[in-house]
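Engineer: Sequence:
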Amino acid sequence: MIKFTISSLLLLCSLLSNAQQITGTISDTDGNAIPFANIYIKTLATGTTSNIDGQYQLDLPNGEWELEYRYLGFKTKNVKVRINNKDVEMNVALAPQTYQLKEVKVLASGEDPAYYVMRKAIAMGDYYTKQVSEYNNTVYLKGSGKITSVPRLFKKKLAEEGITENKTFVTENISKIHFELPDKIEEEVISVRSSGLGEQTNPMQFITANLYDTKDDGFISPLDKTAFSVYKFQLKSVFEDQGRMINRIKVTPKRKGKDLFRGFLNIAENFWNIHSADLQLNLPMTDVHMHQLYAPVNESVWMPVSFDFDVNFKGMGFGMNMIYVASIKDYQITLNPDLDHDYLKQQELALKQEAESIREVTNQQDSKVLSVKEKKRKNEIQNLLEKDDMNNSEMRKLYRLMEKENQEKRAEKVKEPLEIKIEKLKIAKDAKDKDSLYWTQMRPIPLSEDEKISFTKKDSIEIVRNTPEYKDSVRQENRKFKFKHVLFGKTYQYKEENSSLTVPGLFAFDKISYNTVQGFTFNAPFRYTKKDTIGHYFDLSPDFTYAFSRKHLDYSLSSRYRYNGMKRAWIGFKGGSKAVDFNEESGINPMLNMMTSLYYKDNHLKLYDKNYVNIWHETDLANGLNLHTELEYANRKQLYNTNKFYFTGPKDNAYTPNIPTGVNPELIRDNKALTFIAQLEYTPRNRYTIKKGVKSMVNYHSQPTFSILYKQGISDVIDSETDYSMLEVSVKQAFDIGFNDRLKYSTRAGSFLTNKQTFFADYRHFNTSKPVLMFANKWDTFRLLDYYQHSTTEDYLEAHLQYTSDRFLLKRLPILNNSMVIQERLFANYLTHADKKNYWEVGYGLSQIFLLLDVEVVWSFDGKHHQDTGIKLKLNF
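Residue numbers for the sequence shown follow the numbering used here, beginning at 1 and rising by one.
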């Protein structure tokens, strides 16, 4: 196989060394250009696509070749052309496709014949998804678009970047793609070029699009097993193409929604594979219209050879139209050796011979090598494929049989690899250095006049930008100090050293806060980072906070160093002084506390002064098994209110003292604490990616995560007064149930094994949020519990459950099912310990209203008795 492939490549290279170019325009019979039509030469497994003006170009070696000209809605036209040492111009007119009504058996149920076709296609989907175990190809992808509208507020700023309304931008690249089942994709970008949209065009999402399964992309395919519950199908007509009868199926969603397609799907009779697709998606603020064309790359394998996407975005004052077109050629495929391809061959033979005689011959051959069980399954598959009135139940049975057949034909069942290599991207060193002559020779789709102008302007700018003088000036500009950096902050980049320095600005309003203990504060964080290419990383972060009312400067210094990227091994240090929330891990958001204080005189935040030194270390002991340890010494001092300023608020409201309500003052007195913490966290089969020597764990997965936390207050060392030990176990998990529905839960239980001396900072605090307004809180939050009042040193148990759906209740209403970009959420929270028995909350919420706002209604119960009802608003920024 390898020798044959190498020989074929050498032969092809030899042929192409004498290649001539064929050019022309593809139009309809009235002379109108057909944009993005496909031209394909099966014997060479190569082709191209016309541009938006219908123009095409293709390099061919000397000889006689048969070219297939195709596009949706038109008859395929085969044209033989002889290439003989000179370029050829070939203009082709495509006739409209002739559609016929299909003669079908009328079923007693009155069901449209399209359902018969779709059941067969869905059942064959697992086979066609896995038919090819490995392939290589070459992809040319071009994106061309215009900004159609820009809000007045941003026009000047964008104009400085060269982005103006109705200006054409183009980006294009040529990539070599290698694919292996189940999901390994390697891309090598040979060349990339842009006239202003950046050079990030990536053909992965286009050439790997699998219409048999689009759930990973957030859509329900018309070929999904659940399609009949959300789509209506109608057989509009049939037509003949590539020697096959094609069924033209109209796809109509039963409901509105961003996860459903509409349009037409063309399915080949008897083979039940995708011939082509003309589908639309209506996404939030974006409409997508896509065309896919498939072609036979060998006798029985059809693969995508041409894509075009028309994308229109309009929202928040911005408007953009983008057209993406991809041409795929040079397929080299390997049929999956673990599958039985016999039933596909039987389908082909059935077109030429009587089905019954073929079945007899096949059964005789199978009986010699197959078990009775295997033979029975193959017969069931064949019988169902030939059934004219297959119902939904039979379709699901056929799908299961096909899936089982495919699985059992594997040499051995191999677990999914832990390392994810879905988007392994390699960019050639000279990918961005190709000149216009190279692109003229290599570009398979000609540029339109607007695109040529766009690149001409960009090339003239690039000539200046590529001079050493210009690059030096940019480098100096990135490092040069300016007075405005004092006002607005700046990150200085030192690319040669792989380092950066970030300094704060005096006008950084997000660094200003207020609380009654410190008054107004200004925070000035600095940061220096440095990394290398083998996974090492270092950062140093000095931080200064000045409290105007206390007239006090807090300072801290933190540093960490990753010494092994593959083991995610870090060592770190932090220390200094700061005012700390008693609930340091999950207390009230400081900005929210500032708002409730200044406008309602509700100072929820309670602080103490912490002078501390902390050293920590963490590493992976095995894949998915992480150990974190830290040792901290802290001198903790009581703080008092020093400021009563507010903008407005109820007259009868008054600021409360800096003591949590109901807490014994003895628990917040000055004290010293030496604390040791160890946490072991484990996620079974936690998948990961590796990039530049750094292992990164996948967070969005369906595996449970188990954790054991141990805390020890060490007494009589450096005057430490704390003396306790606490153990906590927890488990959390999130997984999809159905399509676009997600369930997640979290539960933890803990016990203070010993408790000779604890202070309020040592208590087990819970994540609570009493105000009506929340700022992007964690999902496992008690919505109606007061801050601090339910903290404990007793045995405790808390649990949280949340179900999220795109279409649970509200979105099923006819008026609202497509009018809002929202998710619905049901949740429940539970807490019990010695001082708070069997407290629980239930709630219903709407998420992503205007992409920024969540609204919830919550009911709380104390045992069996209703306690409170509340409305919560959450800002997601």
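The hints are simulated quantities; they were obtained by calculation from the structure and are not laboratory data. Careful: at least some of the hints might be erroneous.
[Unchecked claim] Listed next, with one range per pair, are the computed distances between beta-carbon atoms:
1) Asn664 with Asp795: 18 to 24 Å
2) Thr491 with Glu89: 52 to 58 Å
3) Asn84 with Met566: 54 to 60 Å
4) Ser237 with Pro704: 37 to 43 Å
5) Asn664 with Ser229: 37 to 43 Å
As the structure is a computational prediction, the values presented were derived from the model and not from experiment. All C-beta atoms, glycine included, are put in the ideal place defined by N, C-alpha and C.
Engineer: Quick one: which hint numbers does this structure break? Sort them smallest to largest.
Structural biologist: Of the numbered hints given earlier, those the structure breaks are 4, 5, listed in rising order.
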